[in-house]
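Peer 1: These protein sequences, in sequence, are chains P, A, S and B.
Be aware that the first sequence starts at 451, since it is given in the working numbering, and climbs by one per residue.
Be aware that the second sequence starts at 451, since it is given in the working numbering, and climbs by one per residue.
Be aware that the third sequence starts at 451, since it is given in the working numbering, and climbs by one per residue.
Be aware that the fourth sequence starts at 451, since it is given in the working numbering, and climbs by one per residue.
Do not take every clue at face value.
In this list, chains with the same sequence are indistinguishable; a pair is considered to hold if it fits within one copy or across any two.
Subject to a maximum C-alpha distance of 20 Å in a straight line, what follows is the list of computed SDA-like cross-link-like pairs (lysine to any residue) [stated by the list, open to error]: (1) Lys607 to Pro632; (2) Lys630 to Pro478; (3) Lys611 to Pro632; (4) Lys482 to Ile601; (5) Lys738 to Leu464; (6) Lys611 to Lys630; (7) Lys721 to Thr751; (8) Lys533 to Val734; (9) Lys486 to Thr461; (10) Lys533 to Asn732; (11) Lys607 to Glu634; (12) Lys738 to Asp459; (13) Lys611 to Gly555; (14) Lys611 to Glu634; (15) Lys630 to Lys721; (16) Lys486 to Val473; (17) Lys721 to Gly752; (18) Lys721 to Pro758; (19) Lys738 to Gly469; (20) Lys526 to Glu581; (21) Lys611 to Met635; (22) Lys607 to Gly625; (23) Lys630 to Thr612; (24) Lys611 to Asp627; (25) Lys482 to Ser675.
Keep in mind the hints are simulated off the structure, nothing from the lab.
What follows is each chain in one-letter form.
Protein chains: 4
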Amino acid sequence: MDLQAIIDDITAELSPRLGEGNVADYIPELAKIDPKQFGIAITTVDGNTYQAGNAGTAFSVQSISKVFMLTLALGKAGESMWKRVGREPSGSAFNSIVQLEHENGIPRNPFINAGAIVVTDMVLAGHQPREAIGEFLRFIHYLANDDTISIDRRVAKSEQKTGFRNIALANFMRGFDNIKHPVEMVLGTYFHQCALSMNCVQLANAGLFLANRGTNPLTGFSVVSARRARRINALMLTCGHYDGSGEFAYRVGLPGKSGVGGGILAIAPGKASIAVWSPGLNEVGNSKLGSVALEVLAARTGWSVFGP
Amino acid sequence: MDLQAIIDDITAELSPRLGEGNVADYIPELAKIDPKQFGIAITTVDGNTYQAGNAGTAFSVQSISKVFMLTLALGKAGESMWKRVGREPSGSAFNSIVQLEHENGIPRNPFINAGAIVVTDMVLAGHQPREAIGEFLRFIHYLANDDTISIDRRVAKSEQKTGFRNIALANFMRGFDNIKHPVEMVLGTYFHQCALSMNCVQLANAGLFLANRGTNPLTGFSVVSARRARRINALMLTCGHYDGSGEFAYRVGLPGKSGVGGGILAIAPGKASIAVWSPGLNEVGNSKLGSVALEVLAARTGWSVFGP
Amino acid sequence: MDLQAIIDDITAELSPRLGEGNVADYIPELAKIDPKQFGIAITTVDGNTYQAGNAGTAFSVQSISKVFMLTLALGKAGESMWKRVGREPSGSAFNSIVQLEHENGIPRNPFINAGAIVVTDMVLAGHQPREAIGEFLRFIHYLANDDTISIDRRVAKSEQKTGFRNIALANFMRGFDNIKHPVEMVLGTYFHQCALSMNCVQLANAGLFLANRGTNPLTGFSVVSARRARRINALMLTCGHYDGSGEFAYRVGLPGKSGVGGGILAIAPGKASIAVWSPGLNEVGNSKLGSVALEVLAARTGWSVFGP
Amino acid sequence: MDLQAIIDDITAELSPRLGEGNVADYIPELAKIDPKQFGIAITTVDGNTYQAGNAGTAFSVQSISKVFMLTLALGKAGESMWKRVGREPSGSAFNSIVQLEHENGIPRNPFINAGAIVVTDMVLAGHQPREAIGEFLRFIHYLANDDTISIDRRVAKSEQKTGFRNIALANFMRGFDNIKHPVEMVLGTYFHQCALSMNCVQLANAGLFLANRGTNPLTGFSVVSARRARRINALMLTCGHYDGSGEFAYRVGLPGKSGVGGGILAIAPGKASIAVWSPGLNEVGNSKLGSVALEVLAARTGWSVFGP
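Please construct the entire structure, taking both the sequences and the accompanying hints into account.
Peer 2: In structure tokens:
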């Protein structure tokens, strides 16, 4: 199987469609991005990297960072964290508050905004936002084995200005005592992790431990146990694409996590970690061309977890 | 890997816990079942069958039949069927009507009751219930290569008496014109398919095509394309356990479909089809010991789709 | 105050607007009505009757009959009836099912469909629909002192054919054991009471007991106690116009009950009973010109219960 | 009719029940109040005042202030204010956020928290909170003709500390652009108006304009037009007691507004303004003994708006 040829083909096939979908406009900094971009990178468990298109261009990973924040929180709080956040698909939009009211301030899963805010609260653990953000960034450097990855402070600031819904979610949960730190501290940290800036190659590298029993095969760094890697993959598959998770599983068949910056991290367990990026989003907020690319890739490689 | 030893161990380990959970009591015939039973059967794609406990005892498969009905409907209506039913997890109980009101009578997926009723309406396709039930039963015989499988008419009748919620769901959708036949015809057919009676061995055989690219390796019968088999598996993983689907994916990591009769059909793509049965249900309506058995089985075999 | 002049003026002022709004089209028989009609009748507690426009034309009272059915049920079951139906505005559409799921099958008030179906179930009280419908019609004859009032069986039949939502509501509540008779019996009775056919004069007469301490001053017939009359008026004011009840109270300031046939019964306590009719409905399902007429009437007479 | 005798009797009858219900505990300062208190005051349109029990003890009026804030906002923005807040009963708890999500950030009415926050935003109108609070307090002094009425800053501060739900509501609506000023400014103002401290006599005086065609008969001060007074009364009747509004209309039959401090302002149009206070609340958050007192008062005076 010639992976380079496959992703070159995909990139070529998608080039006439560049610009499809809508760039997220509620975060002012993201609205400025040129929509006609597409990048893809694959890192395999045997240590090879393949890339095509704008795979070297950094973009705002946004909600994809929730996967790494969850990994960090599981390391700190262990399975007891599930008292404060659920593990079920939400059946509603990424920023819905309805479910919180009906379920006493316990978010449905760590990949919707409310859940990720609770996870951030856990990672804070009494520290200052600056320290928590530093710890998070060091963790990303460790995962990707790349100290140049940074947080885009303009994007973080841009979110803080307009993130009224997230402020509402956090205060609402604080009213249920499911947020323990002052809301400004939690959201300050949350907005910074969302503003993590990575390119496709870095992102594929950072996620590779999930494809390889919890250990990054490039560095030998052990991140989590094999069982925990499987469980994070399971959460990505059932909850990783908001109210489009079922659709993604149906079409692509890989655990994945999308961000409104247009990126998607997908895991082929035992085989590879894949990052795609294209800024235009579909109607449920996932990268439109990114989803198409992964559907074709899964079909051509036979990597779907649901069968050859 | 000695599969027989693994399932014998599991059966022995669970024997002190027989009777845990609650038998579904809203269907009178099911309430009469002895809860202290447990059976498991595995059929592998290379043609071997393993069984333990009460694997030869027939039970009411209930919602597991939704997998087969969906397969039948996809054969008739193709992908156009997705105009009338969604592919997303529901985020609510198996018999909720709230979502239908908010989403114009389109059920979220084919594995909640409302969705399965729409699927049944598609399979009816202008025929009489008697014919549709006959077609469905022949399809099961074909899948399992076993003509002795039957529908328990007492159970079907028992459901009809108390199924007020299902009558409500069907009429509600008919008000949105998403049910095309008279409600009595649709529900008559629906209650009969739910009353399908199979033992674990028969059920594992019937599901084997989903583990083997759409073809039953025991008979060579082709049921669906490899792609469609993957897609049905994806739906089972994201939606197969009602509002416990995320939990099942997290703990077990296999596509699966449960029924309130206490059965679960699980698929290890490329490897095997597994049927477990134990009548006591957990709080979201899935077999309690059946779920535990599958969690242990997946751990010991390394069959989780989310990684070794 | 010259009431005849007031209603003649209103009728003249509204004549250029005849036909505004939309005639209910989901009940086929109602969809056939000429929308360019308007009638009004007032009966005062001192025994005078005033009428204008099409006040002598019979129309389908539809949900206005819920007031009379409630009066009948209160006479049978007394205040204990409130265990099975609430007394709060619903905050949702007249045929919503969402609230029922969240509140265990107890409808919010007797004037939304679900609540009126429960009230009908109470009035049935073990009798056959034919008897209950007979009793209801005799009660109307007694209230209006007019034996010519009848039920339009074509309308009743027309509703039965398309009333899927009502069948859903009734079965849903039966699943919560809040409907005691077979659903067909309850709905058969329910659809017949909705199909009650009256003209404005008859309707104003029938409601007059509510304006006069529970006794019809024209006949001297005592219907309910003064306290019960006040309470029924209170329910009409808070819940009588579905999700437009607040608006009606704000603009008109009288207890009232509307029906999708285009009629409204309004009560000026201590003064008069008023019936208006015009088939075109506003966006929440209440007679558009009827509401306007009552707003003007209340302003000119000073009859608002909220102050001179 | 001897009003003094009536309220003396009511006060005596209720004395064995003092302490029933639960004092609001989510505002720390309110939780400290001695629950065994009861006061009542009536001011009639002909200028007499009657009082009994703890009618001279100041208490936190809380949501009752929403009536005065609405009056102020109507004076500034006129009927155009209804683009930003509805006029329908909510069918849910006083602090629910669910409805806001389903209805694009437009609160159902000005008497639930979300609605009152929007009203406060209108009153701010570009000014600083200090100025808006000053204007509000001067308005209260004018209404009650009493310059000694003040805001309890400890209560205001106490709310600010724990009002996470209100912060959530405000930010949520700001996300829909239905709050125009910074949330801290709006809530700072909002919490201060809630912390208004009055005794029953002052409160009855302040509300008297609503019983007298918009003009305070004691001072001759004109506050609003007769039509606007009726409309505010209508809103109080349909929406003044959260999800207990229907119940209050059914039992008492007067426009009223309750606060979690245990106060209720009730209006008998054309007759009197009544203030009651007793800190223990019923299950929907309205003064338990206060509601009972008003029910008895309405029965004995015949003041129900729904008939003699």
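Peer 1: Take the hints in turn and mark each one as holding or not.
Peer 2: Tested hints:
1. Lys607 to Pro632: So Lys607 and Pro632 pass the 20 Å test inside a copy (18 Å) and across (17 Å) alike.
2. Lys630 to Pro478: Classified as between; 19 Å across copies, 30 Å inside a copy.
3. Lys611 to Pro632: Classified as both; 18 Å inside a copy, 11 Å across copies.
4. Lys482 to Ile601: Answer is within; shortest intra-copy Cα gap is 17 Å, inter-copy 48 Å.
5. Lys738 to Leu464: For Lys738 and Leu464, the Cα distance is within 20 Å only inside one copy (11 Å; across copies 47 Å).
6. Lys611 to Lys630: So Lys611 and Lys630 pass the 20 Å test across copies only (14 Å; inside, 23 Å).
7. Lys721 to Thr751: Answer is both; intra-copy 10 Å and inter-copy 19 Å each pass.
8. Lys533 to Val734: between (28 Å within a copy, 17 Å between copies)
9. Lys486 to Thr461: Answer is within: at 12 Å inside a copy they meet the 20 Å cutoff, but 57 Å across does not.
10. Lys533 to Asn732: Intra 33 Å, inter 18 Å, cutoff 20 Å: inter-copy only.
11. Lys607 to Glu634: both (13 Å within a copy, 19 Å between copies)
12. Lys738 to Asp459: Close inside one copy (18 Å), not across copies (47 Å); limit 20 Å.
13. Lys611 to Gly555: For Lys611 and Gly555, the Cα distance is within 20 Å only across copies (19 Å; inside one copy 24 Å).
14. Lys611 to Glu634: both (12 Å within a copy, 14 Å between copies)
15. Lys630 to Lys721: Classified as neither: same-chain Cα gap 39 Å, cross-chain 46 Å, threshold 20 Å.
16. Lys486 to Val473: Cα proximity of Lys486 and Val473: one copy only (10 Å, versus 50 Å across).
17. Lys721 to Gly752: both (11 Å within a copy, 15 Å between copies)
18. Lys721 to Pro758: Both: 13 Å inside a copy, 11 Å across copies.
19. Lys738 to Gly469: within (9 Å within a copy, 48 Å between copies)
20. Lys526 to Glu581: within (15 Å within a copy, 48 Å between copies)
21. Lys611 to Met635: Answer is both: 15 Å inside a copy and 16 Å across each meet the 20 Å cutoff.
22. Lys607 to Gly625: So Lys607 and Gly625 pass the 20 Å test across copies only (16 Å; inside, 25 Å).
23. Lys630 to Thr612: between (23 Å within a copy, 13 Å between copies)
24. Lys611 to Asp627: between (25 Å within a copy, 13 Å between copies)
25. Lys482 to Ser675: So Lys482 and Ser675 fail the 20 Å test inside a copy (40 Å) and across (44 Å) alike.
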